[in-house]
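*Asks:* Based on these hints, arrange chain B with the ligands on the given structure of chain A.
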Amino acid sequence: MTSRIDLCFINGYAPSWAGRVAEESARVLGRPVVSVDLEMDLPRYYSADRGQYNATLILAGLLRFRSDPHSKIVGITRVDLFIPVLTFVFGQAQLDGPGSLVSTHRLRNEYYGLPKDHERLVDRTIKEVVHEVGHSFGLVHCQDYNCVMHAATYVEDVDLKSASFCPSCESLLQENGMRPRATA
Amino acid sequence: MKNGKKILIVDDELSVRNSLREWFLEDGFAVETAEDGNAALQRMHSGPYDIVIIDLKMPGMDGITLERRIREIDKDAAIIILTAFASVETAVEALKLGAFDYITKPVDPDELSNTVRNALKQRHLEAENLRLKAKVSELTLASPIIGDSSRMRRVLDLISTVAGTDANVVIRGESGTGKELVARAIHSQSERRFFPIVAVNCGSIPETLLESELFGHEKGSFTGAQYRRKGKIELAHGGTLFLDEIGDIPTKMQVDLLRVLETRRFHRLGGNQEITSDFRLVCATNRDLEALIEDGGFREDLYYRINVFVIDLPPLRDRPEDIPALTGHFIEKYARAMGKPVKDVSPAAEGLLASYAWPGNVRELENAVERAMVIGREASVEPDDLPLPLARTGTEPEGSSLAALERRHIERVLREEKGNITRAAAALGIDRGTLYNKLRRYGIERL
Ligand SMILES: Nc1ncnc2c1ncn2[C@@H]1O[C@H](COP(=O)(O)OP(=O)(O)OP(=O)(O)O)[C@@H](O)[C@H]1O
Ligand SMILES: [Mg+2]
Ligand SMILES: [Zn+2]
Ligand SMILES: [Zn+2]
Numbered sequence: 342m343t344s345r346i347d348l349c350f351i352n353g354y355a356p357s358w359a360g361r362v363a364e365e366s367a368r369v370l371g372r373p374v375v376s377v378d379l380e381m382d383l384p385r386y387y388s389a390d391r392g393q394y395n396a397t398l399i400l401a402g403l404l405r406f407r408s409d410p411h412s413k414i415v416g417i418t419r420v421d422l423f424i425p426v427l428t429f430v431f432g433q434a435q436l437d438g439p440g441s442l443v444s445t446h447r448l449r450n451e452y453y454g455l456p457k458d459h460e461r462l463v464d465r466t467i468k469e470v471v472h473e474v475g476h477s478f479g480l481v482h483c484q485d486y487n488c489v490m491h492a493a494t495y496v497e498d499v500d501l502k503s504a505s506f507c508p509s510c511e512s513l514l515q516e517n518g519m520r521p522r523a524t525a
Numbered sequence: 013m014k015n016g017k018k019i020l021i022v023d024d025e026l027s028v029r030n031s032l033r034e035w036f037l038e039d040g041f042a043v044e045t046a047e048d049g050n051a052a053l054q055r056m057h058s059g060p061y062d063i064v065i066i067d068l069k070m071p072g073m074d075g076i077t078l079e080r081r082i083r084e085i086d087k088d089a090a091i092i093i094l095t096a097f098a099s100v101e102t103a104v105e106a107l108k109l110g111a112f113d114y115i116t117k118p119v120d121p122d123e124l125s126n127t128v129r130n131a132l133k134q135r136h137l138e139a140e141n142l143r144l145k146a147k148v149s150e151l152t153l154a155s156p157i158i159g160d161s162s163r164m165r166r167v168l169d170l171i172s173t174v175a176g177t178d179a180n181v182v183i184r185g186e187s188g189t190g191k192e193l194v195a196r197a198i199h200s201q202s203e204r205r206f207f208p209i210v211a212v213n214c215g216s217i218p219e220t221l222l223e224s225e226l227f228g229h230e231k232g233s234f235t236g237a238q239y240r241r242k243g244k245i246e247l248a249h250g251g252t253l254f255l256d257e258i259g260d261i262p263t264k265m266q267v268d269l270l271r272v273l274e275t276r277r278f279h280r281l282g283g284n285q286e287i288t289s290d291f292r293l294v295c296a297t298n299r300d301l302e303a304l305i306e307d308g309g310f311r312e313d314l315y316y317r318i319n320v321f322v323i324d325l326p327p328l329r330d331r332p333e334d335i336p337a338l339t340g341h342f343i344e345k346y347a348r349a350m351g352k353p354v355k356d357v358s359p360a361a362e363g364l365l366a367s368y369a370w371p372g373n374v375r376e377l378e379n380a381v382e383r384a385m386v387i388g389r390e391a392s393v394e395p396d397d398l399p400l401p402l403a404r405t406g407t408e409p410e411g412s413s414l415a416a417l418e419r420r421h422i423e424r425v426l427r428e429e430k431g432n433i434t435r436a437a438a439a440l441g442i443d444r445g446t447l448y449n450k451l452r453r454y455g456i457e458r459l
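Protein chains in written order, with my numbering: chain A, 342 to 525; chain B, 13 to 459.
Bound conformation, chain A alone (with noise of 0.2 Å):
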């Protein structure tokens, strides 16, 4: 059975490009992608020591939306994520899970005090989630620098691998996306 993915915006977020990314995702992961509008209690999240939102905790959070137990839910939102080590996140899954969640925050060419760049940051927003719903099918970091899933610590990383998987992380997708799960 090939599962649903349901892209959150979150509390708000209606970008003009919600549309390009659940289309551009879908055609890459080969799945139905729904874009929806989410409300949650983000400011629950919020860490005041560090000014940022704590990834996990909202991951955590966003699972009660799930709208039955064979969808994956990927979140977007604008806010700035952290985990508890790490300075920030562009994202995170949970890896072989139901959940992940997308920031658009350190996408955007503002960030890095370089002009607005509207076409680079629905490159990277679409990279950046089919990324983290990789994981979520059970992928892992590719070493392969045009894949996908090749690990992105900078921007600019996003900005060099491609969109797609590279045929061996592919090959791995359609297994783990064809295998039938027990849920939590």
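I should point out that these hints are in silico values taken from the structure, not numbers from a laboratory. Everything numeric in this text was worked out from a predicted model, so none of it was measured. There's no promise every hint is true.
[Said to hold, decoys possible] Footprint (simulated), chain A over chain B, 3 or more residues, beta carbon under 8 Å: (1) 30-38; (2) 116-123; (3) 202-212.
[Claimed, not checked] In the DSSO-like style, the derived pairs of lysine-lysine whose C-alpha atoms are separated by at most 27 Å in a straight line are: (4) K133/B <-> K108/B; (5) K457/A <-> K264/B; (6) K242/B <-> K457/A; (7) K117/B <-> K17/B; (8) K231/B <-> K457/A; (9) K87/B <-> K117/B.
Here a beta-carbon is modelled for each residue, glycine too, at the ideal position from N, C-alpha and C.
*Replies:* The following block gives chain B with the ligands in isolation, referenced to the frame of chain A:
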């Protein structure tokens, strides 16, 4: 693919253990965690571990003691110490005891992954793996260079000769002749193909941004720079740096670039950490660099440094015998992309393609074919599908040099596109930077 490496994380804080575990799982590690020194020592028996990450400050056994005890059990594990800012001095002590490195919480993702990568490298575990894996993309990436004319065969020979060396290369040719394609071919035939080729178009990036694009910058190095940025030179490490339109690089930056080429070392803007990058340089230009040197627009010392090997790409009008094969190649390419059947080219259309001067070279031909594939209703490509400003027939009123022809063609297209540069460039099959250059060169007024 799992990377087959094992990591043990020792920290008393659950949230730290969990987030590190997630991070390393995504990286393909087998991960174990322990909440204190005793639990860690017990886990050591289910080792060996490639890497052990130890929090310095834990209740009970502290990190330093644990490090010493682990060393007694396993001499080889790479130990990385986690510390808060306050305890950096103790971390130094840990290094003396043989820890590989220490990281301060919270750590930058890039620093964490570099530290781990270096630790693994030290254990000689990585190189082989990387090479095997990257082979895959190499096969899927390289696009063919079409052309059986003697001049193109010579180019193909040069590519394979130079690919085997680490020499700097300059590719010269008019716009659309395939300079970038050749640069990528050199990279994908070289030993460096397992690493990225990183392209920078020096002509299309404003001068103020080009510097940061090439060298990267540190947080706060200029207004608005909220975060560190990796430059293209750094990203090209291990691979190939492709500087397109090298003739457009401002003279001040030429000095900086020359220094990097001599030392392979540089600093990010506003940074004092020295960064090393091992790359091969390939440059492309459609400008006459020698003439630029005469005018003082290009440094001679830089020229000699980059110009070790030269590949000249002939304009398409000088190799018309390549036109049929290129046309066929693009027909197949777009038929596949559009899910349409492959077409023939009617003799009349073929004649038209052969007699046109192609100021935009192969790119213009490619765009013409793409358009024909979109609009064509017949089973083969017909003259009507090709919007070419008909051939070199008759005498042109104001001189029929190629330049004059090109100038008139550009003016016409610009008029048709109502002065819209982006659309005019697309119709001409050149990029916007190239069009701007030509407008300047011919003194054409924008509408
Ligand atoms: N010999 C060739 N075989 C197949 N495709 C080619 C060939 N030469 C050029 N092309 C195609 O034509 C297009 C233009 O080529 P490319 O971008 O490499 O030109 P360029 O010289 O870098 O142009 P510019 O100076 O405008 O940047 C590309 O789509 C490229 O794939
Ligand atoms: Mg080019
Ligand atoms: Zn990842
Ligand atoms: Zn891959």
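*Asks:* Against each hint, give a clear statement of whether it holds in the structure.
*Replies:* Structure-based check of all given hints:
Counting residues of the stretch 30-38 of chain B whose CB lies closer than 8 Å to any CB of chain A gives 7, which reaches the minimum of 3, so the coverage claim holds. Restraint check on the stretch 116-123 of chain B versus chain A: 6 residues with Cβ-Cβ distances below 8 Å, three needed, restraint holds. Judged by the Cβ-Cβ criterion of 8 Å, the stretch 202-212 of chain B is covered by chain A as claimed, because 3 of its residues qualify and three suffice. Between K133/B and K108/B, the direct Cα distance comes to roughly 20 Å. Compliance with the 27 Å bound is thereby established for this hinted pair.
At most 27 Å may separate the alpha-carbon atoms for a hinted pair to count; K457/A and K264/B meet this at roughly 26 Å. Distance hint between K242/B and K457/A is fulfilled; the C-alpha atoms sit about 18 Å from each other, no more than 27 Å. A C-alpha spacing of about 23 Å is found between K117/B and K17/B, which places the hinted pair at or below 27 Å, so the restraint holds. Proposed proximity of K231/B and K457/A is supported: the alpha carbons are some 18 Å apart, at most 27 Å.
With a C-alpha separation of about 26 Å, the suggested pair K87/B and K117/B falls inside the 27 Å cut-off, and the hint holds.
Violated hints for the displayed structure: none, as all numbered hints are satisfied.
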